[in-house]
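Novice: Now for the letters of each chain:
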Amino acid sequence: MIDAIRAELIKMRSMPGVWVTFALGFPLAVLIVLAVLANAGGFPGHTFYYVESLKQRRELLGAGYFACEVLAPILGVLCVTGEYRHKTMTTTFVLRPIRSQVLLAKVAVTALWSVLLALLTLVAVAAVGLPWNAALGGVTSQVTDQIGAVVPGLLVSAILLGLFGLGFGTLVKNQIAAILLTIGGTLILESILIALAHAIFHYDLNWLPNAAGAALAGDIARGFGGGGRGAGFHLLTWWQGGLVMLAWGLIPLTIGFFTTFRRDVT
Amino acid sequence: MTAGAPSRGLPIEFSGLSKHFGTVRAVDDLSFTVQPGRVTGFLGPNGSGKTTTLRMLLGLVHPSAGTATIGGQAYQELPNPTSTVGAVLEATSFHPARRARTHVRMAAAAGGHDPKRADEVLELVGLSADAKRKVGGFSMGMRQRLELATALVGDPDVLILDEPSNGLDPQGIAWLRDFMRYLAGEGRTVLVSSHLLAEMAQTIDDAVIVSFGQLKAHGTLEQITAGMTSMVMRARTPEADRLTGVLDGAHISYRRLSNEEVAMDGVTPEQVGPLLATNQIVLYELTQEGADLERVFLSLTSGLGFGEVGHGNDGSPPPDAGGTGGTSEAAPAQ
Numbered sequence: 020m021i022d023a024i025r026a027e028l029i030k031m032r033s034m035p036g037v038w039v040t041f042a043l044g045f046p047l048a049v050l051i052v053l054a055v056l057a058n059a060g061g062f063p064g065h066t067f068y069y070v071e072s073l074k075q076r077r078e079l080l081g082a083g084y085f086a087c088e089v090l091a092p093i094l095g096v097l098c099v100t101g102e103y104r105h106k107t108m109t110t111t112f113v114l115r116p117i118r119s120q121v122l123l124a125k126v127a128v129t130a131l132w133s134v135l136l137a138l139l140t141l142v143a144v145a146a147v148g149l150p151w152n153a154a155l156g157g158v159t160s161q162v163t164d165q166i167g168a169v170v171p172g173l174l175v176s177a178i179l180l181g182l183f184g185l186g187f188g189t190l191v192k193n194q195i196a197a198i199l200l201t202i203g204g205t206l207i208l209e210s211i212l213i214a215l216a217h218a219i220f221h222y223d224l225n226w227l228p229n230a231a232g233a234a235l236a237g238d239i240a241r242g243f244g245g246g247g248r249g250a251g252f253h254l255l256t257w258w259q260g261g262l263v264m265l266a267w268g269l270i271p272l273t274i275g276f277f278t279t280f281r282r283d284v285t
Numbered sequence: 497m498t499a500g501a502p503s504r505g506l507p508i509e510f511s512g513l514s515k516h517f518g519t520v521r522a523v524d525d526l527s528f529t530v531q532p533g534r535v536t537g538f539l540g541p542n543g544s545g546k547t548t549t550l551r552m553l554l555g556l557v558h559p560s561a562g563t564a565t566i567g568g569q570a571y572q573e574l575p576n577p578t579s580t581v582g583a584v585l586e587a588t589s590f591h592p593a594r595r596a597r598t599h600v601r602m603a604a605a606a607g608g609h610d611p612k613r614a615d616e617v618l619e620l621v622g623l624s625a626d627a628k629r630k631v632g633g634f635s636m637g638m639r640q641r642l643e644l645a646t647a648l649v650g651d652p653d654v655l656i657l658d659e660p661s662n663g664l665d666p667q668g669i670a671w672l673r674d675f676m677r678y679l680a681g682e683g684r685t686v687l688v689s690s691h692l693l694a695e696m697a698q699t700i701d702d703a704v705i706v707s708f709g710q711l712k713a714h715g716t717l718e719q720i721t722a723g724m725t726s727m728v729m730r731a732r733t734p735e736a737d738r739l740t741g742v743l744d745g746a747h748i749s750y751r752r753l754s755n756e757e758v759a760m761d762g763v764t765p766e767q768v769g770p771l772l773a774t775n776q777i778v779l780y781e782l783t784q785e786g787a788d789l790e791r792v793f794l795s796l797t798s799g800l801g802f803g804e805v806g807h808g809n810d811g812s813p814p815p816d817a818g819g820t821g822g823t824s825e826a827a828p829a830q
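Sequence lines, in order, name chains A and B. With the numbering used here, letter number 125 in the first sequence gets 144, and the count goes up by one each step, no holes. With the numbering used here, letter number 14 in the second sequence gets 510, and the count goes up by one each step, no holes.
Since the hints were derived computationally from the structure, they do not count as laboratory data. A few of these clues could be false.
[What the hints assert, rightly or not] Computed footprint of chain B on chain A, listed as stretches where at least three residues anywhere in the stretch have a Cβ under 8 Å from a Cβ of chain B:
| id | region |
| --- | --- |
| 1 | 33-46 |
| 2 | 107-113 |
[Unchecked claim] Cut-off 25 Å, straight-line C-alpha distance, at most; resulting in silico cross-link-like pairs (SDA-like, lysine to any residue):
| id | chain 1 | residue 1 | chain 2 | residue 2 |
| --- | --- | --- | --- | --- |
| 3 | A | Lys106 | B | Arg613 |
| 4 | B | Lys628 | A | Gly36 |
| 5 | A | Lys192 | A | Ile274 |
Beta carbons: idealized from backbone N, C-alpha and C, even for Gly.
Take the sequences, apply the hints, and build the full model.
Specialist: If you want it as structure tokens, here you go:
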């Protein structure tokens, strides 16, 4: 199993698309830092202002959540669809004929890259967000005090979002279609569905991936986790959100394994 | 057979192997054994089921029936698959942005082998100088070599190669031929599929010929070609029409090659000579064609069998057409 993981790590780090996706984590996190500080400001004489409230401080520290929400699923998709796109699955299955091991190795590697992505966004916050906040008059320790409340949720969210992408990549072999399904589906379609369900049926579609992920991540996701969740929208509890996100990853992964992944490689 | 070759290979056994894709029988009840220390050619026209058979052997395609084993075990059950079997399947199975060395290192990692092995096998296939180049810029021949390096990373006892000559230049083909001979000389089992018969005839010890998914012949190259020797006679005559009439009457199969030429299949000079003399047919030339792998192959894979190629009117077998095919193992498997 360790050998399979090693091989998957080599594959991931030798795919340019993975590095491009990964690198986008930094500027995306900086953009959200900018948005958080702008949101704290916005009154006469202050376009940007330091974060004060608990919610704002957590949003600043967890500014990378949005990057993880967008990019971690893509990492998961690339991990598996890259094989179909370049027909390397044949070699993979010859080298590791027990296919469940291949999939488990991909789960492990996707989780690792997702964690690295989350850590990269924290680096962006540390490098840009905290100094900027301090320059605006904020107290850095008041933000870093929230590490325990923010970072575990960010890391677990990133892992589950990566798994979500891997699941859809396993199910939908076409790379573009899988990316559109995961990103377009969660960021665009989900927002529309949530808004419609709320307006027409007065029902909170809080078990869809984006909303479930927001529940797991807590305060860091509420401001910038996608549109369509207006006032009065009830998120699941964090642990319910985590379980639902896990299901969003595992269900397509399982279906994909028993269908696409186990099919004849002709 | 390479004399005195150390026995490090394993036999490959196919037993009643079948694969149906809907109503199409890609592979139909295929049974044969590939012996270690020999280069075995797996020959058949395009679409004859060669690749599907090899993929079933490697666990990539699930058989509809039957088994394919290596040393008595299915590929998925081998404790160290890459140390036992190396496979060259398709030269396009590379990520174009991956460097050659990275690709082989990935394969080494997957099989639990020393990463240094990557450089060794790249040198073995003559790609050391290109190890740091991205595979996207490789020629087809270089990709074939890289695929071979990947297959060799575990120093396997069994080599399975699917159309490895595709895209190789003459030098590459000669190199591959020597390389396969070298591997078999070490006692390894080498199974190579191809439709390049002239090339295969210079390389292989044994041949397995398939057509429409069915086994047509299996044996040593000598046994298979011997089965065809003395069975093809070519006559050049100004009375070709009358000759074919005589052949129809004698139930001998034939092919009209030109206005003056007729090829008679499944007959010996002793059979055809008296027949032509009795019917007083003028002959300019009567030759017994030398049998070669290509002729056997074409005869066996044309959809008809020995003695049936281009048969005259009623399709019944020619006299004494059977019984010249060697042993049952080496003979056409009909």
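Novice: Each hint should be assessed against the structure and marked as holding or not.
Specialist: Hint check:
no. : hint                 : verdict
1   : 33-46                : holds (count 3)
2   : 107-113              : holds (count 6)
3   : A:Lys106 to B:Arg613 : holds (24 Å)
4   : B:Lys628 to A:Gly36  : holds (19 Å)
5   : A:Lys192 to A:Ile274 : holds (13 Å)
Checked against the numbered hints listed earlier, the structure breaks none of them; every hint is satisfied.
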